[in-house]
Amino acid sequence: MTKVKLGELLVADGLINHEQLKEVLDLQKKTGKKIGELVVDMQLVSQDNLCRVLEKKLGIKFIDLKMIKIDTDIVKLVTETIARRYDLIPIEVQDGKLVVAMSDPLNIYAIDDIAYYTGMNVIPVIASIEQIRKAIGVFFGEENAYAAAEEFKRQLSADNTTDDDVDIETLKTSSPIIKILNTVFEKGIRAGASDIHIEPQESFIKIRLRIDGQLEEIMLQDIKLLPAIIVRIKILSEINIAEKRKPQDGRFSMNVDGNEYDMRVSCLPTINGEKVVIRIINKKGLLRDKKEIIKYEEDLEKFDNIIKNSYGMVLITGPTGSGKSTTMYTIIGELNTDDVNIISVEDPVEASIPGINQVQVNAKSGLDFATALRSFLRQDPDIIVVGEIRDKETVEIAVRAAITGHLVISTIHTNDAPSTITRLLDMNIESFLIGSAIVGIIAQRLVRKICNECKHEYIPTPSELTVLEELKINVNNKLYNGKGCPACNNTGYKGRVGVYELLPITPAIKELINENASADEIRLVAVKEGMLTLRVSCARLVKDGTTTLNELIKIAYSLE
Numbered sequence: 002m003t004k005v006k007l008g009e010l011l012v013a014d015g016l017i018n019h020e021q022l023k024e025v026l027d028l029q030k031k032t033g034k035k036i037g038e039l040v041v042d043m044q045l046v047s048q049d050n051l052c053r054v055l056e057k058k059l060g061i062k063f064i065d066l067k068m069i070k071i072d073t074d075i076v077k078l079v080t081e082t083i084a085r086r087y088d089l090i091p092i093e094v095q096d097g098k099l100v101v102a103m104s105d106p107l108n109i110y111a112i113d114d115i116a117y118y119t120g121m122n123v124i125p126v127i128a129s130i131e132q133i134r135k136a137i138g139v140f141f142g143e144e145n146a147y148a149a150a151e152e153f154k155r156q157l158s159a160d161n162t163t164d165d166d167v168d169i170e171t172l173k174t175s176s177p178i179i180k181i182l183n184t185v186f187e188k189g190i191r192a193g194a195s196d197i198h199i200e201p202q203e204s205f206i207k208i209r210l211r212i213d214g215q216l217e218e219i220m221l222q223d224i225k226l227l228p229a230i231i232v233r234i235k236i237l238s239e240i241n242i243a244e245k246r247k248p249q250d251g252r253f254s255m256n257v258d259g260n261e262y263d264m265r266v267s268c269l270p271t272i273n274g275e276k277v278v279i280r281i282i283n284k285k286g287l288l289r290d291k292k293e294i295i296k297y298e299e300d301l302e303k304f305d306n307i308i309k310n311s312y313g314m315v316l317i318t319g320p321t322g323s324g325k326s327t328t329m330y331t332i333i334g335e336l337n338t339d340d341v342n343i344i345s346v347e348d349p350v351e352a353s354i355p356g357i358n359q360v361q362v363n364a365k366s367g368l369d370f371a372t373a374l375r376s377f378l379r380q381d382p383d384i385i386v387v388g389e390i391r392d393k394e395t396v397e398i399a400v401r402a403a404i405t406g407h408l409v410i411s412t413i414h415t416n417d418a419p420s421t422i423t424r425l426l427d428m429n430i431e432s433f434l435i436g437s438a439i440v441g442i443i444a445q446r447l448v449r450k451i452c453n454e455c456k457h458e459y460i461p462t463p464s465e466l467t468v469l470e471e472l473k474i475n476v477n478n479k480l481y482n483g484k485g486c487p488a489c490n491n492t493g494y495k496g497r498v499g500v501y502e503l504l505p506i507t508p509a510i511k512e513l514i515n516e517n518a519s520a521d522e523i524r525l526v527a528v529k530e531g532m533l534t535l536r537v538s539c540a541r542l543v544k545d546g547t548t549t550l551n552e553l554i555k556i557a558y559s560l561e
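Each residue of the sequence shown is one higher than the one before, starting from 2 at the first, in the working numbering.
The set of hints was computed from the structure by calculation and includes no laboratory data. Given the structure is predicted, the values throughout are model-derived calculations rather than measurements.
In the DSSO-like style, the derived pairs of lysine-lysine whose C-alpha atoms are separated by at most 27 Å in a straight line are:
1) Lys285 / Lys35
2) Lys180 / Lys245
3) Lys544 / Lys479
4) Lys285 / Lys180
5) Lys135 / Lys484
6) Lys473 / Lys456
7) Lys67 / Lys34
8) Lys309 / Lys292
9) Lys456 / Lys62
10) Lys309 / Lys284
11) Lys309 / Lys529
12) Lys6 / Lys23
13) Lys70 / Lys98
14) Lys57 / Lys35
15) Lys207 / Lys77
16) Lys62 / Lys77
17) Lys473 / Lys529
18) Lys135 / Lys456
19) Lys479 / Lys456
20) Lys555 / Lys292
Ranges between beta-carbon positions, derived for each pair:
21) Ile224 / Leu28: 45 to 53 Å
22) Gly193 / Phe63: 17 to 25 Å
23) Glu394 / Arg53: 56 to 64 Å
24) Thr271 / Ala364: 21 to 29 Å
Beta carbons are placed, not taken as given, at the ideal position from N, Cα and C, and that holds for glycine.
Turn these sequences into a full structure, and let the hints guide you.
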């Protein structure tokens with residue numbers, strides 16, 4: 002094969018110019034990265050356009066790895082070292098030739114190395130570097146984790162050490178335990194998991210990921226590894242390694258594929274040992290455009306009307322894991338301009354935003370939400386952000402700030418928008434203060450989206466028709482779901498979407514609040530004024546094929 006230069010192809014196709022190519026080549030000399038990776042990182046060319054150029058110009062087939070079921074035995078025809086060095090992965094054998102998905106199918110050295118190592122002729126195909134690296138992590142990562150576990154157990158036997166007597170210094174530097182945990186962390190991040198669960202059972206450790214709201218088991222390890230795993234996590238999180246009887250919290254950061262992730266750690270003593278849950282937060286993922294999180298134009302208009310107020314309180318509500326933080330950061334990003342002073346108090350600060358003065362709660366030093374809020378009022382703020390309203394003192398100060406000319410944005414845990422009023426009344430806040438302070442409430446949930454690759458239409462079953470009738474939903478005798486495919490790990494779902502209940506505080510609603518009306522009375526009037534309940538909002542997503550009836554049922558019956 003003749004060596005063709007990727008940069009020249011991109012210039013010839015008009016995707017970059019000669020000046021940009023020179024800039025890329027200069028950066029390549031400094032970083033050692035591939036041309037294709039750099040042009041995507043620099044946002045000069047999208048990954049899809051890059052692959053299409055190669056397919057069109059070279060006649061090399063483009064492959065979507067998400068849609069292929071790859072045999073583990075085929076992958077293992079090459080070593081992990083070769084796969085990672087050249088960003089490639091074997092996917093099948095055709096007539097005695099090895100088909101290899103490559104990010105750079107022009108790399109004749111990579112093709113020669115594979116041919117030499119396997120003794121087979123190579124058929125290169127194109128795949129995105131992101132998909133290739135994810136596949137390498139899946140196919141080689143778990144194998145490496147189990148190999149590292151065996152290595153660690155051999156070390157324990159050779160050193161005549163019990164599994165409770167872990168060498169702390171070893172865990173700080175180099176150990177098979179580090180390999181195991183890195184595999185788990187990277188697998189969780191690349192799978193888009195929100196949480197990693199490390200759960201001790203009687204004779205083994207169960208490791209699960211929460212993906213799109215559902216837990217999936219990914220690995221089982223020997224229970225003998227538990228003390229070492231826990232100690233390693235505690236070292237990373239700066240948690241007291243000697244304390245095993247009390248719950249503890251910590252955090253650490255890690256970089257995977259060029260993105261920074263915040264890993265929030267919670268340790269809980271159980272009868273079989275300490276259980277660990279790690280919340281994964283993609284710092285970039287919290288900073289979203291409002292059109293990414295809100296699908297319908299009518300909802301966007303209501304959303305804008307709520308947040309455009311120059312003073313008052315905006316509350317975002319929902320259970321844990323409903324996307325409140327993402328919505329809060331979206332609002333902050335929308336309002337963050339040079340002519341406003343925004344101050345936030347958070348626990349923890351989940352994403353650093355340029356131009357905003359962010360304060361981290363520190364209980365040990367006495368800096369809680371209420372203390373920070375008192376100081377904020379002397380800092381000439383335009384907008385005050387409170388990570389979460391947890392107690393009466395905090396809400397009292399926040400309400401006072403909202404009434405005296407500041408815009409206050411915060412989150413609170415309630416079931417829906419109208420019940421937020423009841424919650425504040427239960428915290429002994431005067432109804433007239435609530436009515437004067439609050440300008441809008443945003444209640445939300447997250448539901449799983451149907452996988453676009455295997456989505457199909459079907460006729461509802463009699464039992465589904467009964468449920469639809471009970472919920473008073475007309476879908477014209479058609480529903481949608483996912484059949485299950487490699488792209489969605491055979492679940493039928495891929496990703497999640499927000500469901501919103503937007504309640505602006507109109508004069509009629511304010512009057513009901515002043516009269517101490519119930520949540521049901523407020524809801525009735527709000528619906529008459531055009532508010533769509535969470536149930537109705539989710540029903541729209543069912544009708545247009547975004548989600549399934551099962552996801553609607555979860556929301557509908559959780560609200561009763």
